[in-house]
Amino acid sequence: LKDGTNWEQNEEIPRLPGETRVTDKDVIYMCPFNGPVKGRVYITNYRLYLRSVENDPVVILNVPLGVISRIEKMGGASSRGENSYGLDITCKDMRNLRFALKQEGHSRRDIFEVLTKYAFPQSHNLLFFAFANEEKFSENGWMVYNPMSEYRRQGLPNERWRVTFINEHYGLCDTYPSLLVVPYNATDDDLKKVAAFRSRNRIPVLSWIHPETQAVIMRCSQPLVGMSGKRNKDDERYLDIIREANGQISKLTIYDARPNVNAVANKATGGGYEGEDAYPNAELFFLDIHNIHVMRESLKKLKDIVYPNVEESHWLSSLESTHWLEHIKLVLTGAIQVADKVSSGRSSVLVHCSDGWDRTAQLTSLAMLMLDSYYRTIEGFEVLVQKEWISFGHKFASRIGHGDKNHADADRSPIFLQFVDCVWQMSKQFPTAFEFNEQFLITILDHLYSCRFGTFLYNSESLREKEKVTEKTLSLWSLVNSEKSKYTNPFYTKELNRALYPVASMRHLELWVNYYIRWNPRIRQQQPNPVEQRYMELLALRDDYMRRLEELQITNNSKISNSSASSASPSQMMSQVQTHF
Amino acid sequence: MEFAELIKTPRADNVALHRPFYPAVEGTLCLTGHHLIFSSRRQDNAEELWLLHSNIDSIEKRFVGSLGTIIIKCKDLRIIQLDIPGMEECLNIASSIEALSTLDSVTLMYPFFYRPMFEIVEDGWRSFLPDQEFELLSSVTDEWRLSCINKEFSVCPSYPPVVIVPKSIDDEALRKVAMFRHGSRFPVLSYYHKKNGMVMMRSSQPLTGTNGRRCKEDEKLINATLRPGKRGYIIDTRSLNVAQQARAKGGGFEQEAHYPQWRRIHKCIERFNILQESLIKLVEACNDQSHNMDRWLSKLEASNWLTHIKEILTAACLAAQCIDREGASVLVHGTEGTDSTLQVTSLAQIILDPRCRTIRGFESLVVREWLQAGHPFQQRCAQSAYSNSKQKWEAPVFLLFLDCVWQILRQFPCSFEFNEQFLIMLFEHAYASQFGTFLGNNENER
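If you read the protein sequences in the order shown, they are chains A and B.
Under UniProt numbering, the residues of the first sequence are numbered 1 to 581, in order.
Under UniProt numbering, the residues of the second sequence are numbered 1 to 446, in order.
If you are wondering where the hints come from, they were derived from the structure by calculation, not from laboratory data.
Worth double-checking, as some hints may not be accurate.
[Stated by the list, open to error] Restricting the straight-line Cα-Cα distance to at most 30 Å, the calculated cross-link-like pairs of lysine-lysine (DSSO-like) are: (1) A:329 to B:310; (2) A:303 to B:299; (3) B:281 to A:428; (4) A:301 to B:281; (5) A:267 to A:341.
Using the sequences and the hints, build the whole thing.
Below you can see the structure in the form of structure tokens.
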């Protein structure tokens with residue numbers, strides 16, 4: 001058993017329960033690092049698997065079909081040149097694959113069709129592999145997130161905040177979860193009126209409450225101000241109720257994640273931002289984070305300089321010109337401002353962008369990660385992702401393009417990847433603050449694309465409910481939580497109530513080489529991490545000495561009791577030793 | 001000369017000290033012959049700053065009314081600002097600092113006056129003597145001998161009195177070889193690789209000139225390190241082009257015809273003002289406070305600092321691989337053999353020999369490969385990144401070496417006994433110190 005994968009006897013390839021073989025073929029894998037590799041490729045309803053036939057050691061490719069974004073035919077029947085006829089595959093995880101086939105007899109036609117069909121099931125009226133997956137895990141990941149218990153953990157509801165079921169059947173807002181937390185003093189009728197003034201009815205609701213200051217992080221979409229500068233009394237009153245809920249005299253802080261000009265431009269399409277006249281008790285700041293299209297182009301540029309070859313000669317300026325780290329910096333800077341306002345500023349904040357499902361999710365979830373150590377545990381992080389991203393309608397299906405052949409869809413964007421990168425940056429700056437390790441984050445990203453689990457499928461809670469995702473598929477957290485040790489950071493030191501403010505300066509941000517350049521065998525860093533390894537050795541040594549000490553105490557005790565002399569109790573001695581570590 | 005002559009205002013009160021990341025402190029400023037001393041003189045929580053004049057790289061004066069401001073930029077890259085009330089006091093203090101920080105005579109430097117406040121448990125001057133090194137060597141091989149040919153620094157002024165050379169080469173031959181090498185730096189043993197008995201030697205360039213002079217003794221000397229039928233590598237730290245140009249000035253490189261058993265490889269490690277300018281650009285980028293247009297990465301790249309680091313590390317890895325993987329002996333030199341040569345030979349030893357990664361082993365390496373080998377610390381470290389006056393001999397050669405060590409340490413965090421702080425400490429003391437270790441340009445001067 002390896003990576004939850006069963007190797008069936010006498011079989012050439014690993015298969016998951018529920019995974020079925022479709023076809024196989026002799027190909028030449030055009031490896032960008034080692035040159036052409038002769039091998040056999042196997043296609044199942046879940047993966048593309050290649051094993052080389054001549055190389056030693058054997059070259060293996062094991063690619064879930066979900067990561068494929070585009071399949072192209074390369075060369076024609078009459079193309080000249082060796083290995084010029086075949087398939088070009090673009091992947092969502094920072095690599096491309098190229099296979100050369102024999103030129104005679106349309107040899108690539110069937111494999112192209114099979115690949116296209118199973119890589120893009122949505123475009124072929126097929127179900128995702130997640131619905132066929134029959135894996136069994138000891139933990140049930142769907143039980144990890146229960147909104148009611150998460151709000152209770154935060155001390156909600158209380159005398160100022162209530163839970164409302166107004167969206168139980170997604171009647172108020174079809175991209176919000178069914179359970180929402182709103183100010184006690186706002187009635188469900190008020191909420192309906194506010195919904196009419198917020199883009200896609202995404203009204204301001206509570207994401208997180210500070211246990212001491214009682215200041216809150218609220219999230220929503222932009223107000224529908226439009227060119228004429230419309231106002232809505234109910235929305236204005238609602239924001240005042242939010243401000244008062246914290247007993248706050250100072251103004252409510254609104255963070256608009258967009259650059260100022262973009263927010264203004266949105267007025268043309270009916271959107272906009274909270275004007276000073278209409279909201280005298282609020283203070284608005286723009287956080288200058290760019291939209292999904294800018295982020296998509298930035299990642300594309302990053303891929304260009306790291307795959308297949310790393311741009312060596314002008315590495316730093318090339319990296320700078322992708323602006324990827326600068327975008328990371330802006331997102332982190334925004335989240336720091338939100339966290340600082342709520343914590344040090346003791347003021348409630350309202351966060352939105354245009355629709356409130358991309359940049360808003362980044363900002364609220366990162367601010368919560370900075371303020372609440374619970375979210376830095378493995379389970380807490382799973383809850384955070386379930387809550388701020390999955391339940392609040394980050395459009396995973398559209399942003400990733402799960403099973404969709406339309407590779408150029410303008411809705412695709414690496415917003416969630418950017419969030420995970422920010423988390424990684426924080427974990428680099430605070431190496432003891434997170435219970436999970438880098439592998440945990442990489443695993444999440446791998447299965448963001450793989451479609452092996454139902455976790456990231458579909459755009460909203462209402463759609464997932466319709467497709468019965470929790471009944472028919474497995475959760476990614478089942479995999480993770482069944483094998484927690486693999487994803488645990490050995491340096492983790494549990495701390496309560498410590499806010500983490502990362503340094504969001506270009507001098508401190510790093511490119512996440514272990515993720516973005518992991519396919520390049522020449523870039524790979526020392527594995528495993530020598531410090532981690534040494535630390536584990538020391539821990540093992542400590543355990544060994546503790547055991548020996550205990551044994552000695554037992555023999556000593558029996559001697560003492562034999563001679564009935566008095567001495568320090570074993571527990572006292574133990575505690576002395578423990579202080580050394 | 002008395003220091004007092006240079007100090008017109010020995011003391012000023014109500015001076016404000018500004019340092020980055022600290023709140024401003026008010027207190028008294030005193031000047032002594034070697035130090036600038038600032039004390040907050042508060043009973044509860046007195047803050048004191050002792051700054052060696054020799055650590056000061058440049059100073060700037062500014063006046064707003066009668067309030068004078070002196071900005072002091074240090075060789076260890078610190079920047080501090082002093083606000084001094086009174087124009088005359090401020091001018092006096094500034095001119096004293098300028099004079100005291102640019103004293104010419106080595107014997108006026110603080111190390112000659114310093115009385116340590118700690119108990120000396122070990123005399124560092126006697127910790128790493130060549131005899132001890134040789135004792136270690138002779139326990140594994142008898143192919144080498146200790147030569148006292150340079151006893152009175154009569155053969156090579158930048159070499160130590162004793163050097164390790166092949167046993168089969170007598171002092172008479174060495175004298176001839178010295179005539180054939182730039183600055184008389186004839187090939188000497190730098191490192192013996194116990195695993196396979198291969199060696200690394202270092203020297204300066206051969207003085208072949210345009211008409212291709214040769215020296216039989218030189219050929220014999222370096223051939224003495226080869227096993228029968230084996231080839232060796234000469235790593236020239238200059239590009240082929242630069243090496244060829246050197247012939248016009250009497251220098252040159254080993255011609256294949258005369259050294260048939262050696263393969264020459266040219267690496268391009270920069271020298272002198274190119275490195276100094278790189279450091280200046282790097283420090284400029286580091287001190288850039290502007291937040292909006294953060295062009296950190298391209299500025300870092302434009303400084304070329306990391307490119308220099310890469311070139312040095314690549315050459316050192318090459319030398320190490322020749323010795324360890326290829327099982328070949330290596331001779332390293334550039335022009336004088338006092339800068340890039342030492343970077344390569346010392347880094348190769350850190351790569352190959354775990355002993356050099358201990359605190360004591362590293363100290364020994366610095367003594368052997370930098371101090372005794374005659375790296376001109378006084379010339380190279382006279383000024384740092386802030387100095388306005390352009391001089392020819394400054395170059396952060398040793399700092400680059402320390403940075404390379406830091407890069408290796410980052411990649412192999414469990415392989416070194418010392419930490420980052422140790423490397424920073426060496427950098428600081430190389431530029432300004434109460435200890436005499438890095439004074440002078442070679443053993444002879446010391």
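### Task
Take the C-alpha atoms of residue 329 of chain A and residue 310 of chain B, compute the straight-line distance between them, and say whether it is at most 30 Å.
It holds: about 28 Å lies between the C-alpha atoms, which stays within 30 Å.
### Query
Between residue 303 of chain A and residue 299 of chain B, does the CA-CA distance stay at or below 30 Å?
22 Å, holds
### Query
Quick one, are residue 281 of chain B and residue 428 of chain A close enough, alpha carbons at most 30 Å?
Distance ~28 Å between residue 281 of chain B and residue 428 of chain A Cα, so the pair holds.
### Message
Check whether the Cα positions of residue 301 of chain A and residue 281 of chain B lie no farther apart than 30 Å.
### Response
28 Å, holds
### Query
Taken at face value, is the distance from the CA of residue 341 of chain A to the CA of residue 267 of chain A at most 30 Å?
The hint holds at about 27 Å.
In summary, this structure violates none of the numbered hints.
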